[in-house]
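*Asks:* Protein chains in written order, with our numbering: chain Y, 112 to 584; chain A, 65 to 344.
Hints are computed from structural coordinates only; laboratory data are not their basis. Worth double-checking, as some hints may not be accurate.
With a straight-line Cα cutoff of 20 Å, these simulated SDA-like cross-link-like pairs (lysine to any residue) come out [claimed, not checked]: (1) 299(A) <-> 464(Y); (2) 218(Y) <-> 165(Y); (3) 338(A) <-> 390(Y); (4) 299(A) <-> 514(Y); (5) 299(A) <-> 218(Y); (6) 222(Y) <-> 124(Y); (7) 93(A) <-> 340(Y); (8) 297(A) <-> 124(Y); (9) 297(A) <-> 464(Y); (10) 299(A) <-> 516(Y); (11) 202(A) <-> 234(A).
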Amino acid sequence: MATEASAKKVAPRVEMPCQPPAERRHNFKEVALGYNGDMAATEASRCLQCKRPTCVRGCPVEVPIRDFIREVAAGNVERAYEIIRTANSLPAVCGRVCPQENQCEGKCILKAKGEAIAIGRLERFVADTHLAACAAAPDSCPSETSETQAKGRVACIGSGPASLTCAGICAAAGLEVDVYEALHESGGVLVYGIPAFRLPKDVVAAEIAGLRELGVRFHLNHVGGRTVDVADLRKDHDAVFIGVGAGLPIFLGVPGENLVGVFSANEYLTRINLGRGYDFPEHDTPPFPGRHVTVFGAGNVAMDAARTALRMGAESVHIVYRRTRAEMPARAEEIEHAAEEGVEFALLSAPLRFNGDEQLRLTSVTLQKMELGEPDASGRRRPVPVEGAVEDLETDLAIVALGTRSNPILLDATPDLARTERGYIEADPETGETSIPNVFAGGDIVTGAATVILAMGAGRKAAQEIVRRLGGK
Amino acid sequence: MPTPILRKERLIPGKTSKLVLHAPEIAAKARPGHFVMLRMSPEGERIPLTIADTDASRGEITIVYLVLGKSTALLEALEAGDSILDVCGPLGRPTKIEKVGTVICVGGGTGIAAMHHIAKGHARAGNHVVAVIGAREKSLLLFEKELMGFVNELVVCTDDGSYGRKGLVTEPLKERLEAGGVGEVVAVGPVPMMAAVAEVTRPFGVATTVSLNPIMVDGIGMCGACRVSVGGKTKFACVDGPEFDGHQVDFPELRRRLAAFREQEAESYDRYRKEQPHGN
Ligand SMILES: Cc1cc2nc3c(=O)[nH]c(=O)nc-3n(C[C@H](O)[C@H](O)[C@H](O)COP(=O)(O)OP(=O)(O)OC[C@H]3O[C@@H](n4cnc5c(N)ncnc54)[C@H](O)[C@@H]3O)c2cc1C
Ligand SMILES: Cc1cc2nc3c(=O)[nH]c(=O)nc-3n(C[C@H](O)[C@H](O)[C@H](O)COP(=O)(O)OP(=O)(O)OC[C@H]3O[C@@H](n4cnc5c(N)ncnc54)[C@H](O)[C@@H]3O)c2cc1C
Ligand code: SF4
Ligand code: FES
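So here's chain A without its partners, still in its complex pose:
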């Protein structure tokens, strides 16, 4: 069903935008951790994006995406007032949110948006929420303002030191863990970041949840494209996840599987860019 875009905010021009969609049926059911499958054109691919926020009373859901290839470029070409051809969801298992005391939510890049919805859930459940967010440089940082609205502590890192602390998110994370009293760590972001977070928390024995982003085709458990190895067992991220115990995930396998279609994706994107009058 075509789903209207109510608002569009260019967070990082040409790279990352936030869209607010009118999807009352999905908004009514969506919980933190859920995602949707979208298709932009009749010839298009179904791709998964996390539901970054919802407003059930207004029938709205929010998505935030990073332009990586053709499908996300097609999405970026849409404006408020346009419609997305198909939006299917909510899918996946909602985040397990329990009262555990202090929760550190680590977000990297576009993952900050998804992390933000989970952090909000933890704050609502009465947890003390520490947000640690990172980006390559200041202009690529997302959702700082939104997070400030409800988290108890906020730590910002940039790789180049252009804003906040210089360095990776794992450093303040380690310091905070050393201070003790942490009940859970949640990490959403690029695969290497989530893998690094899991290694930092492992010696502390703190429960660590990661939100995995394998390639998906249907998103409803029928194809097995999204399978990941967790604790030596095969899991389907779309129905068993996408959140898993970070200490059990086979990250190298996930990285290889994400690269399975690299050549075709590049071919698709190159063709698309050549067809654009202005190029981008």
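Bound-form chain Y, shown alone:
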């Protein structure tokens, strides 16, 4: 395979145009602007069309990457879209938020030679072009029809990427699908967590509208385990899929954490994204203003919170992280974008306590300086406190982005559902089936906080099994 790569001299990757940092740090418009047709065709023509493409092995849902890229290079964008859709029901979303550098692009043969094909950007281009064409001429975009004869009803609880994928595949196979979502908008983290400057809400809405056209019924403000029980749903549905995510926020457990001004990233982002707090007072949900913002954690969630705080008018935003930049779990592109926009990094620092005034409002955080010590079991060098190295950082808004645990509502209401030691739902890795027959689960509620595409992969696996059991192929 090395010969395929060495056959041609590798041209550089086509850059993606972006809003300039000085401008974008003041607005919620999308940062990355997307390829135009020429850029896409040029980038696609860099692809070697490998006989045994390695890129696909990096894709959790096995999009036929080589084949769709070939169509883009030839200018057949609609054909490329059809090819992607055989494996991925939310390509406009995935093209924007998948960690491509660790997945398809990480496995692309060209990575060693120079720069991997920009698979994610091409996927986004194809999906955006398709959605724009549909918006312009809705009749020209027929919804998929079923080739199988599956018959029956399926209920999906939650409406994040796991459930949306499961619903889409089941509906396309001819099944009747009901989605039950606790919030008043569907999309899960895609709408309440990931900010619009990275994933515009109309992109998510367009992909969900596609599911409605397939006949999927959305029941909003329906809480699984409260408004509807799994046991009730099993009575009038042949299969139930649980995709409720892992929403319960983890706090640091340090003194002062309940001061006014200390937020979970979930609350901070939900107020601004789901509640449209960036548009207060046109929308009623108030955002919390912060002049000096500190964000704890270094994953995608932390980057999103930090960049959001800048856009909400903060004078300074610090990411506080106990290791170094090299260990940050966020996508490389997001860390770069954050730095370009002016987010500062307080590395090798861990919070000891939050300090407040007599109104119990946050005024500063006391940080313990750390250094990297011996490698631990995971092979990463463990941060250890530097004795006596303690300092205060002024802050009036602290955002804790340390991850989440499983939300207890549905689990407590469904005692016969087997759980893992860590409190997530136990599901068969091949089919997604839980300890209750014909009840499936997938996404963050099975794996713990992970990625959009892994949640989609789990939704797809379960859907294929459900369709098979209900008489389809």
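Once you have looked at the hints, place chain A with the ligands on chain Y.
*Replies:* Structure of chain A with the ligands alone, referenced to chain Y:
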């Protein structure tokens, strides 16, 4: 899902109303102590309100609210025949109702409505229910008639003495505790009232349940907005509560956290009132 308002009763005109909603799925599951999250408009905020009563056979739930800011003002602008944009529930843990003998249920202001549903549960469980309710003045008193239907004793207090006993609910409460034989005290109302009740019962060692009203965003345990300190531990009121042991609650912290968005709330409400043709 838009939820139709079947009936509206203005309990205190312009301030407090009772709405009966057609919500069969929620009515079927609702127990005393549960609440719902509502949103009045597509631009609106999700706010929590207690389910004050249910009639599962007719698919009805009742809510009672005090107009405090924009969201509750929007609710007050709706009439029977209109629909509420979103009603989500039932949420929270139901009240723990056990047979303990005598239960004193203390209610203040709008909290009387929520207390009433809990008192009803205690009466049904066979407890001897003493209701102590209070308001600033006679015209602000709620649910007296409804409570009379099932409680064993009813004590009414007003701050200004315009009706019932003059003074705070804590006085008759203390006297009743001194008489002895009380198994549990339940208090629902303004934070200072619940804090005061907990201080009165503490020396008697009587179990005291309070229903907390912190700011909530989702109501399903995903945001942590509703966290309160109980016995030194952080609890999420929407999934661990909203009822907690009053002797363990950090009330000063709750009061501060309730004031976190005061400026924005005032801005929202002022704007709303200016936009109204008649003002109110
Ligand atoms: C801020 C942020 C940024 C992220 N960035 C990225 C990224 O760049 N790339 C990436 O790949 N991943 C990212 N992730 C992770 C990714 O979003 C999640 O892994 C993925 O969304 C999980 O999908 P899911 O379907 O399992 O659950 P979720 O998306 O969490 O959806 C669950 C849904 O179920 C609903 N629900 C919960 N309980 C109930 C109930 N009892 N009844 C009914 N409904 C219920 C919730 O309201 C929610 O809508 C990010 C996450 C966050 C929070
Ligand atoms: C579990 C629970 C049950 C409740 N039951 C009732 C009830 O039965 N009747 C009733 O009148 N009130 C009840 N409340 C309080 C009610 O939710 C608030 O009065 C309402 O949200 C105020 O909204 P607003 O926009 O009108 O006022 P705002 O101007 O937004 O706020 C006025 C005051 O209400 C409180 N508040 C604001 N936003 C919220 C929020 N999202 N959640 C909770 N409190 C908030 C704050 O103390 C604030 O100072 C309950 C609260 C909780 C948590
Ligand atoms: S994207 Fe990379 S690995 Fe995949 S076919 Fe093209 S060159 Fe080969
Ligand atoms: S209101 Fe969000 S966790 Fe309770």
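*Asks:* Does the alpha-carbon distance linking residue 299(A) and residue 464(Y) stay inside the 20 Å limit?
*Replies:* The hint holds at about 19 Å.
*Asks:* Hinted pair, alpha-carbon criterion (20 Å max): residue 299(A), residue 514(Y). Please report holds or violated.
*Replies:* Holds, because 17 Å separates the two Cα atoms, which is no more than 20 Å.
*Asks:* Need the status of pair residue 299(A), residue 516(Y): alpha-carbon distance at most 20 Å?
*Replies:* holds (14 Å)
*Asks:* Hint check: residue 93(A) vs residue 340(Y), CA-CA at most 20 Å. Holds or violated?
*Replies:* holds (10 Å)
*Asks:* Starting from residue 297(A), check that the Cα of residue 124(Y) is at most 20 Å away, please.
*Replies:* violated (53 Å)
*Asks:* Would the pair residue 338(A) and residue 390(Y) pass a check requiring their Cα atoms to be no farther apart than 20 Å?
*Replies:* holds (19 Å)
*Asks:* For residue 299(A) and residue 218(Y), compute the direct alpha-carbon distance and say whether it is at most 20 Å.
*Replies:* violated (45 Å)
*Asks:* With the threshold set at 20 Å, check whether the alpha-carbon distance from residue 222(Y) to residue 124(Y) stays at or below it.
*Replies:* Answer holds: residue 222(Y) to residue 124(Y) is near 11 Å, not above 20 Å.
*Asks:* CA of residue 218(Y) to CA of residue 165(Y), is that 20 Å or under?
*Replies:* The given pair, whose Cα atoms are some 6 Å apart, holds under the 20 Å limit.
*Asks:* Verify the proposed pairing of residue 297(A) with residue 464(Y), using a straight-line Cα cut of 20 Å.
*Replies:* With Cα atoms ~16 Å apart, residue 297(A) and residue 464(Y) stay inside 20 Å; holds.
*Asks:* Take a quick look at whether residue 202(A) and residue 234(A) sit within 20 Å of each other, Cα to Cα.
*Replies:* holds (18 Å)
When held up to the earlier numbered hints, the structure conflicts with 5 and 8 and fits the remainder.
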